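The listed protein sequences derive, respectively, from chains W and F. Read in the working numbering, the first sequence has 146 at position 146, and its numbers run on one by one without any break. Read in the working numbering, the second sequence has 92 at position 92, and its numbers run on one by one without any break.
Please keep in mind that the hints were generated in silico from the structure rather than gathered at the bench. Predicted model only: the values in this text are computed from it and were never measured. Certain hints may be false.
[Claimed, not checked] Label-pair ranges, simulated between beta-carbon atoms:
no.: 1; chain 1: W; residue 1: Pro12; chain 2: F; residue 2: Phe140; range: 50 to 56 Å
no.: 2; chain 1: W; residue 1: Leu19; chain 2: F; residue 2: Pro7; range: 17 to 23 Å
no.: 3; chain 1: W; residue 1: Ser65; chain 2: F; residue 2: Leu97; range: 25 to 31 Å
no.: 4; chain 1: F; residue 1: Lys3; chain 2: W; residue 2: Ala62; range: 28 to 34 Å
no.: 5; chain 1: W; residue 1: Gly140; chain 2: F; residue 2: Met18; range: 41 to 47 Å
We treat Cβ as the ideally placed atom computed from N, Cα and C, and that holds for glycine.
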Amino acid sequence: MSQRLNAFQVAPGAIDAVLKTQIYVNECGLEHSLLELVKMRASQINGCAYCLHMHAADARKAGESEARLYLLDAWHESGLYSPRERAALAWTEALTRVSSEGGPSDATFAELRAHFSEKEAVDLTVAIGAINTWNRINVGFRTRHPADKPAKAAA
Amino acid sequence: MSKRLNPYTTAPDAMKPMMALEESIANSGLEHSLIELVKMRASQINGCAYCLHMHSADARKAGESEARLYLLNAWHESELYTPRERAALAWTEALTLVSQTHAPDTDYEEALRHFSPEELVKLTLLIGAINVWNRIAIGFRSHHPNDRAPKAAAA
């Protein structure tokens, strides 16, 4: 699968606007570890290899454990995530799958508000929107992640 | 979330044939690395924390890379997986989501390009087995080891 186009070169102004949103999100005050989990989970759902590669590396570099990344698909069934992280992950899934699931339920929102201020809830929602945008840019244009060389199976 | 029951102590005779099936899969001749990727992918789809914990640890111990596990949700968009692995992963998804996919001819034909008919039967039993394990572990809420109170990574 080859890259379809380089969005960064073709439309730098558009990408710059998304980057500005991302910079806001990164500096909004939400914990870095939480933001990386949210980015990873949305990228898992959307199947974005480029974003999974980037954010797995960023999360690991910042001290995240391998286990919390390997189990992320099943966060709901694991005790490795804090109640605040679980509320954010539920909000992430509901908004990422908004078209198929009809939007977050009142219970999901109530749980979000139990762990996040209103301002944090908006910041988190913008963060979820931003990663969904990146996922669509990179999946749509087939951006290659680094080291995306022909596969070599493990032992 | 508390554990519901322990299937091994509750119905040991029912669990023995599952253990035997698992042993026959391990000795089937299918590559260990492929078996672990298939188990991980089905467990991601089914959201089985117990199985993701076990098989990420087993895969890493056998030499699997972190990246190939982190990107597994998006294998379709990455070249980190061989054509044989891709065919197996597509078959895994087709059968794990069988009520939606109905196992399309294209996935079957691609699988037969990379697996002998005998291997394809073994692969199919592998996919069936991990789906059973996922349902046992999720249904009875088996807790994975180290399923302790969460601690977020460094901010």
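Hint check:
| no. | hint | result |
| --- | --- | --- |
| 1 | W:Pro12 to F:Phe140: 50 to 56 Å | holds, 53 Å |
| 2 | W:Leu19 to F:Pro7: 17 to 23 Å | violated, 50 Å |
| 3 | W:Ser65 to F:Leu97: 25 to 31 Å | holds, 29 Å |
| 4 | F:Lys3 to W:Ala62: 28 to 34 Å | holds, 32 Å |
| 5 | W:Gly140 to F:Met18: 41 to 47 Å | holds, 42 Å |
Against the hints set out earlier in the document, a violation occurs for number 2 only.
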